[in-house]
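**Q** Anchor point for the sequence shown: position 147 equals 147 in our numbering, and the numbering is continuous, going up by one each time.
In short, the hints are calculated from the structure, not lab data.
Yeah, the Cβ is synthetic: ideal placement off N, Cα and C, and Gly gets one too.
Any given hint could turn out to be false.
As the list claims (entries may be wrong) - Label-pair ranges, simulated between beta-carbon atoms:
(1) G144 with T205: 32 to 42 Å
(2) D247 with I83: 56 to 66 Å
(3) P31 with H76: 33 to 43 Å
Claimed, not checked - The calculated lysine to any residue pairs, modelled on SDA-like cross-linking and capped at a C-alpha distance of 20 Å, are:
(4) K291 with I244
(5) K181 with T75
(6) K172 with N133
(7) K254 with T275
(8) K181 with H284
(9) K231 with T75
(10) K181 with R204
(11) K172 with T192
(12) K172 with T158
(13) K172 with R182
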Amino acid sequence: MLTRKQLVSDGLDAGPVTLQGHLAHQGLPVPSTSTIRRILGHHGLITPQPRKRPRSSYHRFAAEQPNECWQSDFTHWTLADGIDVEILNWLDDHSRYLLCCVAYRRVGGPDVVASFTATAAHYGLPASTLTDNGSVYTSRFTHGHNDFERLLASLSVTQKNGHPGHPQTQGKIERFHQTLKRWLAARPRPATLADLQHLLDAFRTIYNTARAHRAHPGRLTPEQAYLARPKATPTGNPHAKFRIRHDTIDQFGKLTLRHASRLHHLGIGRPHAGTPALILITTHTVTVISKTGHHVLSSHTIDPDKNYWRNQNKNPGRWPGNL
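Given only the sequences and the hints, what does the whole structure look like? Please build it.
**A** Quick look at the structure:
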């Protein structure tokens, strides 16, 4: 029972299927899940649960390729001083690979845009996204479109939203949040947002590489499953333009960008001098994002006739149109 006790102590799943994977990884004899369950029950290590619907009665959607669909949602955690913070996640639907896991005081629309853009810069664009109907993801029940919706449309990424009052649509990421919180609960409460982020970075490595996921044939880890097949890409508009640049904001708070064989200057702001940045360039806009904090620093409208493109944000760190 040493393996199970260690898993429980670490805040990790310790069910029969997980134990099977760990025994196989250690080169030990691997009994059936029913045998493991019987042994655990004999030692009083299984908590009785209410009778559930059989798994065969559920009709689950599963993406066939990595990047075919990214699920996103955020959850809450409490720091050592009692302050409530939020954790924003992006999860690949096919592989369960945790693409992004970032802590914020409060998740806002600019944070969703920034985290999505930084994640896409590293892993490529997804064909679609799946989220709930929170205002940071959609404005379809209020007015027009928000900035995340406009960004996805400009990149030909299909946006999907769950039905109101039906959280099962985002079941994968809801279950993931349970796994994340169980792991965090096994550790001392972090004192600061930065301390929490260090924990999340460690968890992301463990979740992606050190535990096989029961959803994958052959018991692959999320990372193995993510790398095992070709990635899907957006298909909506073959003419959509999207590129990412990595740069550092200069001492005057500016960046330079060549567009249509002409050099343009982007005003970011002197407080951001020396900040490593991601630059997202679409057909009509340029967005500058902090590489370290996943925050939008500035946004600019592409104007070929002007040398200087000013920051369209009303205040530093805000995304235009986000109230």
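**Q** Identify every previously stated hint that the structure contradicts and give their numbers, smallest first.
**A** 2, 8, 9 and 11
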